[in-house]
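The listed protein sequences derive, respectively, from chains A and B. For the first sequence, counting from 1, position 141 maps to 141 in my numbering; every step adds exactly one. If you count the second sequence from 1, you need to add 1000 to reach my numbering.
For the record, the hints were derived by calculation from the structure and aren't laboratory data. There's no promise every hint is true.
[Said to hold, decoys possible] Which residues of chain A face chain B? A partial, calculated answer using Cβ under 7 Å:
| id | residue |
| --- | --- |
| 1 | 51 |
| 2 | 124 |
| 3 | 126 |
| 4 | 158 |
| 5 | 188 |
| 6 | 193 |
| 7 | 196 |
| 8 | 198 |
| 9 | 218 |
| 10 | 260 |
| 11 | 261 |
| 12 | 271 |
| 13 | 279 |
| 14 | 282 |
| 15 | 308 |
| 16 | 309 |
[Unchecked claim] Each computed DSS-like pair below joins lysine-lysine, with the alpha-carbon atoms no more than 27 Å apart:
| id | chain 1 | residue 1 | chain 2 | residue 2 |
| --- | --- | --- | --- | --- |
| 17 | A | 200 | B | 1203 |
| 18 | A | 5 | B | 1269 |
| 19 | A | 242 | B | 1199 |
| 20 | B | 1123 | A | 270 |
| 21 | B | 1199 | A | 85 |
| 22 | A | 270 | B | 1203 |
| 23 | A | 142 | B | 1123 |
| 24 | B | 1199 | A | 200 |
| 25 | B | 1269 | A | 246 |
| 26 | B | 1202 | A | 246 |
| 27 | B | 1199 | A | 270 |
| 28 | A | 270 | A | 68 |
| 29 | B | 1123 | B | 1012 |
| 30 | A | 12 | A | 68 |
| 31 | B | 1083 | A | 142 |
| 32 | B | 1269 | A | 242 |
Just so it is clear, CB atoms sit at the ideal spot from N, CA and C, and this is done for glycine as well.
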Amino acid sequence: MGPNKEPLLEVKNLRKYFPIKDGLAIKSYIKAVDGVSFTINQGETMGLVGESGCGKSTMARTIMRLYKPTDGEICFHGNNLATLKGSQLLPYRKRIQMIFQDPYASLNGRMTVGDIVGEALDIHKLASGKARISMIHELLHKVGLEPDHAIRYPHEFSGGQRQRIGIARALAVSPDFIICDEPISALDVSIQAQIVNMLKDLQSELGLTYLFIAHDLTMVRHISDKIGVMYLGKLVEIADSKTLYKSPRHPYTQALLSAMPIPDPRLASKSRRILIEGDMPSPIDPPLGCRFSTRCQYVHSQCVQEEPKMREISSGHHVACHT
Amino acid sequence: MGEKILELRDLKTSYFTHIGEVKAIRGISFHIHRGEAIGIVGESGSGKSVTALSIMRLLQHPGKIIGGQITFKGKNLLQKSIKEMQCIRGNEISMIFQDSMTSLNPVFTVGNQIIEVILQHHKISKKEAKVKAVEMFKLVGISSPEKRMNQYPHEFSGGMRQRLMIGMALSCEPTLLIADEPTTALDVTIQAQILELMKDLKKRLDTSIILITHDLGVVAALCSRVVVMYSGLIMEEGSIENIFYNSKHPYTQGLLKSIPKANWKDKDKLISIEGTPPDLLGLPDGCPFMPRCSYAMEICKREQSPDFEIEENHRSMCWRLHDEAPKIETWMKRGDFHGTK
């Protein structure tokens, strides 16, 4: 199955600001997502990496329309989701689903697994009675669980199994597009591999498109066709995953890749780390010019004054950097 | 290599819960030399953290050490009174916990908390303790320490708080530092900073470090020896070279295989270890890894294998190493791991 080149999701100049209020007056804004554009083609997986606080999850939630975007367009199959309200969104909720980070907090502890998976079927009136039960069993089977798990409660399952339940719930409405918000970071290494393999199998079986968010760079590379690197509310580099790992162009991407622990003692002792000093600046008052300029080792005067634009340096490889 | 400063011999720890005895540690032995860093790796529930808590004698009810010996600098820690343990904790053995947010007290300034540790173990005035605290802040790379001392934990970022914890743990210059997943909750860039810091401190202060983690990449960066744990037993122990390039236990091999490699190809599948770790309440008689092991034999079901010594400082608990057993091919030849050489 080769990904066909039809765009499924086009995000254009998306912004999401959160107001900071002082009483009733709005004092300033947290610019969590500040002008992000990218395209995901049908059947493709796009990875999204960046440090915590860079706006990855906010962006995922804005695309899901759990938040109302401040500005910009979210084109899904050519329809702009950004301006829709309330029940207008319902048909799209069926087509875009999400898998959450924390398999412990994202399942309702008072509902049986069958009801958790079946809830979406009820809401969208997809099945009832016997058909509903057989659908739930089929979904559980698809993610490697047993049908009799349907009558149990989430606390009876391990972390990896719970994440499988979360995936079954996302698959229940047969979506086209699934946003995975750090689906494996809470799991053990051996279980991570199980979940990643399963996501890949499901993709080729059902023709799914993924947006895969993570801060673990090793796994992202394994699952993604292309990868976007985010820093302080902006994308700084997008490239297909091979190019990004082989020849990263943005200093932040380079630092991020060199910080990756290498599970090989001989290579680890040889490799040189580019350490980024300090912490990420606050998104309330981001630096003028390039946002990475405060921590960048190649910084020069232009970087401080002028914000770099995203430009294409080779086919499909976009970088926002002056140097 | 320096003297042995800590030695565990056949340590057994259990939790006596109302539904039965949970055998968290089932007889483990290892040691650590002065100035050495060893890694303990394993999945959650394998007993890594309980090992650390047992050494510190910080087990909470219903946990209990039911057998074995912990020798620290020639003295048996299990025979110490609560008072004596308090003198050792923080002063000679220090611990860094995984979650830096919950291990700092939110209602006291960080300066206050670090000075408290220093005053507890040294007979010096508050003023001198403050000077020492400022030094510690500088050591772990926190800028403008005088100002930072008066701030509360919530004013620090995750990486900064973890630095603080390390600073606090090192403030009495302990001989042994136990770090329980010190970088798990942090970003890779901050993780790299913390690892560099620990490496540097090991060199400068000659501290021994026990690093508990599930990330083999972190171990490769810092440690010279690795202990692999699985459901309360040490499955394999060896030098970092032996574990990474010449591992003899199917579990260690599985762990290594489930990390994506650099020479990955588009459609390559990750090799995962199927199944989940066993329930510690009803442990099987045989090898706990047997249900997930693709090399399992009849005997693995009935009996736990003894330790087999492969060479000096490399041992593994697997029946496949018995003279009469069919051998497993070492899946990873030297240097093959990243396929680059």
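Self-check item: Supplied contact hint for residue 126 of chain A, tested at 7 Å Cβ to chain B
Solution: Because about 31 Å separates residue 126 of chain A from the closest Cβ in chain B, which is outside the 7 Å limit, the hint is violated.
Quiz item: Should the hint that residue 188 of chain A touches chain B count as held when the rule is a Cβ pair under 7 Å?
Solution: Holds - the Cβ of residue 188 of chain A comes within 7 Å of chain B, reaching about 4 Å at its closest.
Quiz item: Any CB of chain B closer than 7 Å to the CB of residue 196 of chain A?
Solution: This hint holds: residue 196 of chain A lies near chain B, its Cβ roughly 6 Å from the closest one there, short of 7 Å.
Practice problem: Go through the hint on residue 198 of chain A and say holds or violated, using the shortest Cβ distance to chain B against 7 Å. | Solution: It is violated, given that the least Cβ distance between residue 198 of chain A and chain B is near 9 Å, above 7 Å.
Quiz item: Does the alpha-carbon distance linking residue 1123 of chain B and residue 270 of chain A stay inside the 27 Å limit?
Solution: violated, 44 Å
Self-check item: Given hint residue 158 of chain A near chain B, where the shortest CB pair must fall under 7 Å
Solution: holds, 5 Å
Quiz item: Does residue 124 of chain A pass the interface check with chain B, least Cβ-Cβ distance below 7 Å?
Solution: This interface hint is violated because 32 Å lies over the 7 Å limit.
Quiz item: Is the interface hint for residue 261 of chain A satisfied, with its Cβ closer than 7 Å to some Cβ of chain B?
Solution: holds, 3 Å
Quiz prompt | Given hint residue 1203 of chain B paired with residue 270 of chain A - CA-CA distance at most 27 Å | solution = holds, 18 Å
Exercise. Take the C-alpha atoms of residue 1269 of chain B and residue 246 of chain A, compute the straight-line distance between them, and say whether it is at most 27 Å.
Key: It holds: about 20 Å lies between the C-alpha atoms, which stays within 27 Å.
Quiz prompt | Given hint residue 1012 of chain B paired with residue 1123 of chain B - CA-CA distance at most 27 Å | solution = violated, 37 Å
Practice problem: Sort out whether residue 1123 of chain B lies within 27 Å of residue 142 of chain A, counting only the CA atoms. | Solution: Between residue 142 of chain A and residue 1123 of chain B the Cα gap is close to 65 Å, so the pair fails against 27 Å, i.e. violated.
This entry does not satisfy hints 2, 3, 8, 12, 14, 15, 16, 17, 19, 20, 21, 23, 24, 26, 28, 29 and 31, going by the numbered hints stated previously.
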